[in-house]
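A.B. asks: What follows is the residue order along each chain.
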Amino acid sequence: MKLIGTFLFLFSSWAIASDHSHDHMDHSDMMHHSHEGHLHEKLVDGEKLIVNPEKFDKFISGLTNAQVAVVSVKGMVCDFCARGIEKTFQKDKRVKKIDVDLGQGKVLVAFDKGIDINFEDIKKKILANGQNATGMQIVSI
Amino acid sequence: MGIKFTILAILFVSSNIDARPISYSGGSTLMMFSDSMKDSVYYHYSPTYKYSVGIEQVKNNYFKDSSSYLRLTYLANRKNTQNSQRNLYFQSGLSTNGVDDYFYGIHGDWETRRWFVGFGLKEVKKEKVGFSQQHLQFGVAPYLGEYGDLHTWLMVKTKKNSLNNDWSTYPVLKFFKGNSLIEFGYNNKTEWDAHYMYRF
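Those protein sequences? They're chains A and B, same order as listed. Heads up: the first sequence is residues 0 to 140, going by numbering that gives the first Met the number 0. Heads up: the second sequence is residues 0 to 199, going by numbering that gives the first Met the number 0.
These are computed hints drawn from the structure, not numbers from a lab. There may be inaccurate statements among the hints.
[Unchecked claim] Heads up, simulated DSS-like pairs for lysine-lysine below, C-alpha to C-alpha not over 27 Å straight-line: (1) A:57 - A:92; (2) A:123 - B:49; (3) A:54 - B:176; (4) A:122 - A:92; (5) B:176 - A:86; (6) A:86 - B:173; (7) A:57 - B:176; (8) A:122 - B:176; (9) A:122 - B:49; (10) A:92 - B:49.
Keep in mind that this is a model prediction, so the values were computed, not measured.
Using the sequences and the hints, build the whole thing.
C.D. replies: What follows is the structure in structure tokens.
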């Protein structure tokens, strides 16, 4: 009991000391770009697009007249936990395609060109799964 | 000895279905557990990612009876970082057999794509017997799979309850792919058990 109690105390202290609620977003690395003709190996408004190149290329293959939101997500540490993100976005009829890049902590969401991609809406969808969206880049295909 | 062994077995298997206690907002999860002592089916629904409500149907193969639990799990704290997630949950269950049959407790975990650490404390009241249970669990992923791959965890769980006051340590293997998760544990007192989970 002492071992568990000690562990619980340490864990709880860690939780309480952490002043960053999961409901609060970190906007420090949030970006919202919309430029055409950029792929993963290029810069988006001077910022490097950090994604798994193989996954990104596979994701955009077959996409035309589309734009891809590359969303940075915190807390997406397991496949099983990320399933809800896919399910939530799939309910949005504007979404053409979605994939998850666990290694880079990114969610790739494809929309038709011309659709206004709202980061606040993206954040709500990610938060509905219990994770935090911290930034977004948009790549036109 | 028989009753104590059975209670230990019940406690052992009950702890396994504490994993992934809350789904995404609007999501549902079906869990099934089976071994020589007990068959259990647990369904829960999460109105938000903060809590889930569910019902667990338990068939006790030793006592030759069945009972249902109404269950509530609440996410008390979560910390997301770029490479990790930490959770603290409150859980409770009330049997339809009456107010003298219930449980409550907390459990928490911290995990990265490679490492997992979890703990739990649970107080159980079953008829006129009350006992507590605690556990610690450690895990490592031998490889880092991508989204959609088969994922594997090698884990060790150690637990103790107030009835025998002994720690019991045993290996656990966990696999998941897509919406399915399956877990196997082996304990020399309860032998093999299996736990299956599907998320809708």
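A.B. asks: Next, verify each hint and record whether it holds.
C.D. replies: Quick rundown of the hints versus the structure:
Restraint check for residue 57 of chain A and residue 92 of chain A: satisfied, since their Cα atoms lie roughly 22 Å apart, inside the 27 Å limit. With a C-alpha separation of about 14 Å, the suggested pairing of residue 123 of chain A with residue 49 of chain B holds against the 27 Å cut-off. The hinted pair formed by residue 54 of chain A and residue 176 of chain B meets the criterion: a straight-line CA distance of about 18 Å does not exceed 27 Å. Annotation: proposed proximity of residue 122 of chain A to residue 92 of chain A holds, straight-line Cα distance about 17 Å (limit 27 Å).
Between residue 176 of chain B and residue 86 of chain A the CA atoms are separated by roughly 15 Å; this keeps the pair inside 27 Å, and the hint holds. Between the alpha carbons of residue 86 of chain A and residue 173 of chain B the distance comes to roughly 23 Å, so the proposed pair stays at or under 27 Å and holds. At most 27 Å may separate the alpha-carbon atoms for a hinted pair to count; residue 57 of chain A and residue 176 of chain B meet this at roughly 20 Å. At roughly 26 Å between alpha-carbon atoms, residue 122 of chain A and residue 176 of chain B fall within 27 Å of each other, so this suggested pair holds.
Note on residue 122 of chain A and residue 49 of chain B: the hinted pairing holds, with a Cα-Cα distance of about 16 Å set against a maximum of 27 Å. Straight-line distance between C-alpha atoms of residue 92 of chain A and residue 49 of chain B comes to about 26 Å, which keeps the hinted pair within the 27 Å bound.
Of the numbered hints listed earlier, not one is contradicted by the structure.
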